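> In case you want the letters, here they are:
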Amino acid sequence: MAKMMYRDAVRLTIAEEMERNESVVVLGEDVVGGMGTDGGPEAIGGIWSTSTGLFDKFGPNRVIDTPISESAIVGAAAGLALSGKRPVAELMFADFIGVSLDQIWNQIGKFRYMFGGKTRCPAIIRMAYGGGYNAAAQHSQCVHQILTGMAGLKIVMPSTPEDVRGLLRTALRGDDPVMFLEHKALYAVEGEVPDGDWTIPFAHARQVTSGEDVTVIATGLMVGIAEAAAEAAAENGIGVDLIDLRTTSPLDEEAILDSVEVTGRLVIVDEAPPRCSLATDLAALVANKAFSSLKAPIEMVTAPHTPVPFASELEQAYLPSPDDVEAAVRKTLAYR
Amino acid sequence: MAKMMYRDAVRLTIAEEMERNESVVVLGEDVVGGMGTDGGPEAIGGIWSTSTGLFDKFGPNRVIDTPISESAIVGAAAGLALSGKRPVAELMFADFIGVSLDQIWNQIGKFRYMFGGKTRCPAIIRMAYGGGYNAAAQHSQCVHQILTGMAGLKIVMPSTPEDVRGLLRTALRGDDPVMFLEHKALYAVEGEVPDGDWTIPFAHARQVTSGEDVTVIATGLMVGIAEAAAEAAAENGIGVDLIDLRTTSPLDEEAILDSVEVTGRLVIVDEAPPRCSLATDLAALVANKAFSSLKAPIEMVTAPHTPVPFASELEQAYLPSPDDVEAAVRKTLAYR
Amino acid sequence: MQLSRDELIQAYRKMATIRAFEERLHDIIATGEVAGFTHLYCGQEAVAVGVCEHLAIEDKIVSTHRGHGHCLAKGCDVTGMMKEIWGSREGLCKGKGGSMHIADIDKGMLGANGIVGAGAPIAVGAAMSCKLDGEGRVAITFSGDGACNQGTTFEAMNMAVVTKAPCIFVFENNHYSEHTGFEYAVGTQKDIASRAEAFGMKVWRADGCDFFAVHDTMREILEYVRAGNGPAAVEFDTERFYGHFEGDPQNYRGEGELDRIRDTRDCLKIFRQKVTEAGLLDEAVIDELNEAAEADVDAAVEASRAADRPTAEDVLTDVYVEY
Amino acid sequence: MQLSRDELIQAYRKMATIRAFEERLHDIIATGEVAGFTHLYCGQEAVAVGVCEHLAIEDKIVSTHRGHGHCLAKGCDVTGMMKEIWGSREGLCKGKGGSMHIADIDKGMLGANGIVGAGAPIAVGAAMSCKLDGEGRVAITFSGDGACNQGTTFEAMNMAVVTKAPCIFVFENNHYSEHTGFEYAVGTQKDIASRAEAFGMKVWRADGCDFFAVHDTMREILEYVRAGNGPAAVEFDTERFYGHFEGDPQNYRGEGELDRIRDTRDCLKIFRQKVTEAGLLDEAVIDELNEAAEADVDAAVEASRAADRPTAEDVLTDVYVEY
Ligand SMILES: Cc1ncc(C[n+]2csc(CCOP(=O)(O)OP(=O)(O)O)c2C)c(N)n1
Ligand SMILES: Cc1ncc(C[n+]2csc(CCOP(=O)(O)OP(=O)(O)O)c2C)c(N)n1
Ligand SMILES: [Mg+2]
Ligand SMILES: [Mg+2]
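Residue numbers (the working numbering), protein chains in the order written: chain A, 1 to 336; chain B, 1 to 336; chain C, 1 to 323; chain D, 1 to 323.
Note that these hints are calculated values from the structure, not bench results. Be aware that one or more of the hints could be misleading.
Unchecked claim - With a cut-off of at most 25 Å between alpha-carbon atoms, the simulated DSS-like pairs for lysine-lysine come out as follows:
1) A:Lys289 / B:Lys3
2) D:Lys190 / C:Lys190
3) D:Lys202 / C:Lys202
4) B:Lys57 / A:Lys289
5) A:Lys331 / B:Lys289
6) C:Lys164 / D:Lys190
As the list claims (entries may be wrong) - Over the 10 Å line for every Cβ pair with chain C, so calculated as not near, a few chain B residues:
7) Thr52
8) Ala77
9) Pro87
10) Phe115
11) Asp175
12) Ala185
13) Val208
14) Glu231
15) Ser321
16) Asp323
17) Arg330
Since the model is a prediction, treat every value here as computed from it, not as a measurement. Even glycine gets a Cβ: it sits at the ideal position worked out from N, Cα and C.
Please model the entire structure based on the sequences and the hints provided.
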């Protein structure tokens, strides 16, 4: 067991896999940083410090600073992966899928299918997502709702340092493209991480709290928000079965359906806006496959249908809070 | 009343609005076509023939051929709209939002909010979407599931020449950005269109067939598919309340909820793949707001979680068919 | 130097205002009183002001993540901006946009932009609009040396040439994009202007730390573009005094680099030296202008502290004109 | 002409195969037997073959929507390709990709591509991989004159220069992007090569209708790139004989333009004339090669007609390695 920050879990895992497998290469803007230097303290290792030290250890051929050209970054990852390498590309902010979506959606995600199953494209695209930093409309967004619907991609949303370790290892050892979504408000969060070389398979949800009254589903930063609500509910004698999905594609349908079968009540917490979202995706799944278990309307706690605002008061109101989740839990329980 | 094709409804409406309002300008790849000529027969007016004749009539300042630079096309539309013009930009295929999403999502859709409500950005982005033409994975996609979740945008999906007329007029006279999604398999479809200067407001669904047994919701090409299924069902004495949403954002929630209140059974037909889709969006709406009316699991007829395949046999299997819809209708009716 | 005394005073006053605004923000952000990603423009004032002094309200500009200077130079209200950065409901954008999204359409300021490279195509559209209006107006896009590697910037340059849009691409080469050196990230390792030239534009180059070089160059460019010759580009060599964003320790700078540029490349010092040596303005006038700028900023900060905060209901407004 | 008789025969045979393949498709598509968006490469054969004759299987290419020629030149199986275009389950991509998405990774053919400009960044990645392997391999991206206006193409060029990736940007200037003329859409109105040069690359230019010009130029380029000098670019002036896609009536062509290019710019005719005049190959040999190519295509068509069709279950496979 070691205590480490979420960001360190990212960095350590990449470093270890680079050691294990020389086909792993890292690229992105400022992943070295301080160019013109020979590494050392000037090499900041990315603005999230998720690649600090990699350049000094693995050199310029495997840790590659790029210009501000996200399409070319993701495209280069695609070409590296088609050529048998395992690129780990960083989009500094998830919002930048806006300038690189074609390479993610129409290239990386589709090669295997378009080419009749005759290739593998194990490109990992890491990106920092989410709100809470007064970074406003273009630097605070969730993108899992956009990416999850895209066939060919796998979408990972770790909520703890431990999950970063286990899921990133799986991503780096698998043969499919993975969008690895790191919440920027989690980077400095610390957690215990078991030693050893273990992995967490995809589509393997984590039960965060167990209870028989309401099922709550969350991902990423929302897991902590939901957990706070679950704890408050527990004090009022309400048992929350809190599920952290860990990956949204593939999806652990079984964990969801099994839980709803017991509770009959569902609250979904999603940091993204409400339309065509993961929240609606899960609600639809349950309304289709666990309808007979349902005892109450499905509640969704999401951001509103607006861009992410700048001012703290606005952003706090925008983001789902433990109070919002608790209210939804109470609402579903009140339904008879 | 005049009979006209869907593509002509697009072209005529743009021409009329250009006449009415000199701030309307058209831009896109080959919207003139045959460059180097002075118009006339060489000017093809777009590969969908949706701008044929505009160049001859309105000249090079208002009908602008562009290089293959979709980000710059949409970006230019953004700049034109912020400057008080009403650009109608064409993305030749909806799939090309992949190379222009930032300008759609992070710029056009967000200006008004980010700028505190102090601007209008009435940019219309037209795009040809959908399958059925053996155009394979990168030229056959639906994008409404991606765009509908993006706050600030309005999403229009006309299914008939009449609706093209009424909705495009509304788009061109409104003050918000509109993504106007034209299904390529509908371009050659003919329909009766009333004369005169009438419009169809957004969030105003159309009841295609009425019935009290099952609610079916569809958009675009799927309306015809669902209608065929509804007719077949009617022969078996099943009454289908078929709703054509016309716009997915804003959404006519009332039409949906009112119908489900009556039928208690819902089938959603969506040409897009299943995850984080419009189908799930509508299912979630109903599972939340009309739960007490629901008598059966919500059924969704969608494309599978795969890219669009090339071969006819594959594409036919990929796309929702009247048989698929009928099966879903029967399934929901069989549930007790 | 073809400027009148009043024009000189106005130009310096604007530069001084930007400087005072940014230095104050630097101090305040360090205390934690103001939140968000803030990119300070200090050091580059001569570019924003040298460009915008030529513009009318009807000319448009599109800015970047480092937009305060452009906004102030184009005439945005100092207090309105400060309130916006403070996240106040009284801010220029009601606290919804913040530092990276300040806009003032009525002033021809079409927005700062958090997405590197996104401004250039928007400016081309604004320029197309100017062309349609036929009144000799232009649109200007500011881009950094880093932004010049983004595909949108290239597309925009070609599109402007093809459509003969009166668009001016102003590249501010401050030698760094975040922590990465210009010589590393721009393949030519030479300049940005020759890339712009390869798209078929006439280009200029000038010292961006010398207000007069900027101003003279822009006069030429504007004459050329307003005459209907299509777009143009210019590269200004300039310097960024603070970190990429507030909080950046700037480890990547060479030894003594910051001291050197502060010493020899400060556009305010250079301006002062030139006008006093030429006997155009007294030291005392310059000092007064600095003080006036500080006073403006004092007032703006005070007003921002006292200003209304937004409420939860405000989240939902201003998404659509009608929905 | 430093080529042996065998090499000449092989090169012509490939060009003839592409020609026969495309002309046959043209006829068949007109009957409606084959569906989909098909873009024929006829007229440009000298480029694909002149480039690929230098390559080993370990060298990679990335192609475009007009990809049949590149595929065949890089060694994709004629019948496998025809079956793919036919939408057969036995096709190179099991009928899932079709004309615009043919790939054969084992042959170093990383895919045709339906998105204009998408191939260039992918090729840079493949070139980075070659550089990592350190065995002197290269990656080549083919782009049209239209594709050279897409932001991704520009980003890729700069990225290749910055990372010193052994990537070769082959621009096939056939004067049209769909219905739009090169002189209109490319701002410089001059060429593509000088834009590439402005990104910091060494560039070449040659006649793309002369196999020998292409082949000689590529020899130089490959020497330069394999030696570790980073990327390079080349512009080949070439001609497209058929419409942009099948069904395009080509109204935009000048009067007599098609007859003229068919007459004077046919790379097969030019090859034939050069080798026969130089006494390197007989007319009879050339005729035989043409016949052999036709026979291959006959066989491919026959096999495609008889080949297995995909079934509904096939839709769901090949999305992931494991899900
Ligand atoms: C598309 C995109 N990529 C990356 C970023 C992150 N980012 C913000 S500013 C910046 C550097 C910009 O450099 P430059 O254009 O030289 O402007 P400067 O900061 O020097 O003013 C980067 C990489 C972004 N905001 N948008
Ligand atoms: C991003 C994108 N935009 C537009 C298209 C539609 N399109 C397909 S080919 C083509 C023209 C390409 O011209 P060029 O690059 O010169 O290649 P050529 O067709 O001449 O071989 C266009 C506009 C596309 N496929 N992808
Ligand atoms: Mg810079
Ligand atoms: Mg071409």
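> So which of the earlier hints does this model not fit?
1, 4, 8, 9, 10 and 11
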